[in-house]
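Chains G and A, in that order, are what the protein sequence lines are. According to the UniProt record's numbering, the first sequence is numbered sequentially starting from 1. According to the UniProt record's numbering, the second sequence is numbered sequentially starting from 1.
It should be emphasised that the hints constitute simulated quantities derived from the structure, not laboratory data. The beta carbon of each residue, even a glycine, is placed where N, CA and C say it ideally should be. Please note: incorrect hints may appear among the correct ones.
Stated by the list, open to error - Distance windows between CB atoms, simulated: (1) A/K475 <-> G/A50: 47 to 55 Å; (2) G/K83 <-> A/K179: 36 to 44 Å; (3) G/Q139 <-> A/F25: 48 to 56 Å; (4) G/K154 <-> A/G391: 41 to 49 Å; (5) G/K80 <-> A/G546: 30 to 38 Å; (6) G/K154 <-> A/R28: 56 to 64 Å; (7) A/F25 <-> G/T244: 36 to 44 Å; (8) A/G515 <-> G/K83: 15 to 23 Å; (9) G/K232 <-> A/I385: 44 to 52 Å.
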Amino acid sequence: MKKQIRVLVAKPGLDGHDRGALIISQALRDYGMEVIYTGLRQTPAQIVAAAVQEDVDAIGLSCLSGAHNELFPDIIQLLKEQKAEDIIVIGGGVIPAEDIPFLESEGIQKIFTPGTPTIETAKFIERAVYERDGISLDQPFAVNQIDHIGIAVKSIDEALSFYKDTLNLTFEGVEEVVSQKVKVAFFNTGNCRLELLEPMSEESAVASFIEKRGEGIHHIALGVEDINSRIKQLQEKDVRMIDTKARTGAEGADVAFLHPKAAHGVLYELCEKQTRG
Amino acid sequence: MTSQSTFQKEYEQWLEKTKQLMERFPERRELFHTSSGIPIERLYLPGTAADTYQENLGFPGEYPYTRGIQPTMYRARHWTMRQYAGFGSAEETNKRFRYLLEQGQTGLSVAFDLPTQIGYDSDDAMAKGEVGKVGVAIDSLEDMEILFDQIPLDKVSTSMTINAPASVLLAMYIVAAEKQGVPKEKISGTIQNDILKEYIARGTYIFPPKPSMRLITDIFSYCAEHVPKWNTISISGYHIREAGSTAAQELAFTLANGKAYVDAALEAGMDIDKFAPRLAFFFNAHNQFFEEVAKFRAARRIWSHLMKNVYHAKNPKSWQLRFHTQTGGSTLTAQQPDNNIVRVTVQALSAVLGGTQSLHTNSRDEALALPTEESARIALRTQQILAHESGVTDTVDPLGGSYYVEGLTDKIEEEVYSYFEEIEDMGGAVQAVEQGYMQEEIQRAAYETQKAIEKQEDIVVGMNAFKLDDEPQPKLHRLDKELSRKQIEKLTQIKDRRDQNRANARLADLKYAAGGSENLMPYIIDCVKDHCTIGEICGVLRGIFGEYTGA
């Protein structure tokens with residue numbers, strides 16, 4: 001069902017910094033793609049010839065010398081001349097934000113800037129290739145499991161011994177989630193985890209929760225894949241979201257909350273773990 | 001005896017108490033380790049490092065130089081503040097150089113554009129889009145003269161990041177100085193001239209390893225005779241680290257390359273004490289503060305041992321590892337770029353506490369583009385604050401004797417020697433490079449780092465944690481769009497003006513000499529004097545030596 005995607009990773013221009021190109025090659029391979037890496041100092045003509053000969057689905061260009069505005073459009077032009085414009089071209093490297101609209105208007109599908117997780121690039125290529133080939137990637141809304149249950153407490157220190165010693169659950173550690181102004185502690189119950197949430201400031205949402213309703217169950221986190229697509233699907237069904245875009249929660253997971261009014265009074269969190277790769 | 005056993009007893013009690021505490025409050029990770037995979041203990045105690053002070057540390061300015069190469073270090077004179085700069089045309093870069101000197105910078109460091117670094121003229125098809133981008137475009141002697149216009153070459157020391165065509169740029173510098181009235185015996189500076197790390201990590205190679213090593217030893221022997229104050233090579237770990245190596249790999253591969261250059265010079269018949277004092281090194285200052293300090297200290301100890309006991313150099317100057325440091329470019333984030341000022345400060349401090357001879361501090365916006373003038377100034381000010389305000393310069397090697405730092409210094413040294421063994425087994429650094437050994441080791445480490453970042457085992461502030469939803473776009477340095485056209489015009493004019501017959505004759509002489517075994521430096525200097533371009537000179541050498549195409 002899934003097709004093997006072939007990618008040419010290429011370095012146009014004269015710079016020898018191929019750390020990024022090598023990393024993305026390895027990451028795409030780990031994702032299940034076939035990757036051909038051209039090596040350094042390839043002219044646009046060499047890159048297009050290799051892409052056509054290797055019959056690739058996509059080309060990833062990496063350039064750190066600043067020559068991207070000249071060289072990337074040349075590659076697109078040559079692909080057109082070779083009637084190979086169905087090859088998807090993406091780019092990365094040291095590329096100022098203000099150059100991106102120009103490059104995208106020239107036919108580069110997307111520019112990935114420094115700091116982009118490699119999985120994001122892999123997923124982008126996969127989606128673009130499937131869309132081009134008319135294969136639908138959209139999965140119906142699905143929940144894998146209950147990832148964890150959030151419990152608001154006034155003090156983790158005070159609650160710790162009940163969970164650890166009385167209930168004898170495995171303690172997995174404490175973490176501060178600065179963006180949410182909470183301290184969290186995780187316990188493993190076997191197939192679902194409990195997350196104690198202690199407010200670090202009075203402005204924290206957890207603080208006002210405790211003030212209004214006292215300690216107790218705060219939210220339920222549903223494990224999902226491809227969280228941003230799931231958010232879109234909910235929005236299409238008019239489900240009100242607190243977060244319309246995933247953000248980083250505890251343990252680096254991507255999370256987004258649904259509004260409790262849209263979910264019969266329950267605060268649900270969608271949660272996607274960054275584990276692949 | 002009793003005090004020792006009391007200590008042991010108290011230590012065990014402390015351990016027991018700590019264990020109990022950790023049941024309630026576990027540590028942040030189960031294992032802590034450095035970038036090189038060296039495990040980090042909770043606490044370091046007396047007896048961590050070998051306690052033979054004289055043998056392992058010694059006094060500063062004395063073998064094995066662990067504590068520094070001068071007896072007084074920064075109490076006498078601060079390190080040279082040397083900011084790498086260059087972009088666009090020779091005129092523009094000359095202006096930036098004069099600005100930096102006015103701001104209190106004490107040495108120059110030239111960045112060349114990629115066509116220059118790979119021996120192409122600005123009008124070569126391979127140069128498309130690259131002219132003046134990552135550094136200044138230099139095609140011929142005239143560009144070099146403009147670059148140093150009104151800068152007294154007998155007073156300023158200049159470092160040039162140039163490798164494969166190093167002899168050509170050095171020749172241009174020598175001739176430009178002579179035209180200023182400064183004889184070559186008086187000029188001082190450094191050429192990077194380290195081709196092995198180009199094959200390993202940086203990529204601006206031209207010729208295959210063997211003829212490249214000849215060009216390098218030609219420079220060694222020419223300068224030993226005629227340009228005595230010139231540092232003929234800067235053996236560089238910087239780019240190896242940028243490509244993703246660990247601290248221990250950076251040091252091991254750099255020093256292994258250093259040995260390869262020494263071997264090549266000895267094979268060419270040179271006396272060790274004639275060239276070894278002019279060898280310089282170039283390291284990276286990365287994020288893990290203590291490991292970096294330990295790395296610099298270990299570097300000196302290892303090199304002095306090699307030079308004194310393995311190569312039997314007699315001159316103490318040959319034993320001393322002198323180095324330049326640049327803060328780690330790959331640690332800078334494109335996100336929230338002002339945070340980079342803080343990263344650079346911590347990294348620069350490690351270089352200072354590691355006893356560097358000169359330092360480049362990166363600008364906050366280098367993950368995005370070439371630095372603006374304001375960013376470049378803040379970077380320089382960072383060094384000036386460390387030098388003049390922090391007080392860390394008031395004693396020699398202030399971290400010496402730290403249980404942790406001394407322990408790490410020993411551990412890094414061990415790691416380096418074990419890499420040496422592996423490289424020796426392959427037949428030395430040149431062979432290891434040809435087989436792609438170092439390249440693979442680095443790539444593996446780089447991929448591990450990337451995965452750790454993506455899994456958030458490693459936190460990069462502003463990038464995979466503590467992010468901002470809306471990143472403001474900083475003002476970036478933009479280059480003159482007309483630059484390439486202007487540079488090509490200038491090049492055409494020079495070719496029209498020069499005596500073409502003389503230029504042809506010089507190139508023919510060089511071609512003949514390259515086919516033999518004479519020192520090529522005098523021939524290249526003659527070419528430069530008669531306005532042959534870098535593309536023409538390297539073109540002749542490409543014809544004789546061939547081109548390298550990757551391991």
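Open item on the list: Taking 56 to 64 Å as the stated bounds, is the beta-carbon spacing between G/K154 and A/R28 within them?
Closed with: violated, 24 Å
TODO: Go ahead and decide if the range 30 to 38 Å is satisfied by the Cβ distance of G/K80 to A/G546.
DONE: holds, 36 Å
TODO: Take the C-beta atom of A/G515 and the C-beta atom of G/K83, compute their distance, and say whether it sits inside 15 to 23 Å.
DONE: violated, 47 Å
TODO: With 36 to 44 Å as the target window, see if G/K83 and A/K179 comply at their CB atoms.
DONE: Between G/K83 and A/K179, where Cβ atoms are some 56 Å apart, the hint is violated.
Open item on the list: Taking the Cβ atom of G/Q139 and the Cβ atom of A/F25, is their distance within the range 48 to 56 Å?
Closed with: violated, 41 Å
- [ ] Could you check the hint for me, namely that A/K475 and G/A50 are 47 to 55 Å apart, CB to CB?
- [x] violated, 38 Å
Open item on the list: Quick check on a hinted range of 36 to 44 Å for A/F25 and G/T244, using CB atoms only.
Closed with: Holds, since A/F25 and G/T244 (Cβ atoms, about 37 Å apart) stay within the stated range.
TODO: Can you let me know if the beta-carbon spacing of G/K232 and A/I385 is within 44 to 52 Å?
DONE: For G/K232 and A/I385 the Cβ distance comes to about 49 Å; the hint holds.
Open item on the list: Is 41 to 49 Å respected by the C-beta to C-beta distance linking G/K154 and A/G391?
Closed with: holds, 45 Å
Against the hints set out earlier in the document, violations occur for numbers 1, 2, 3, 6, 8.
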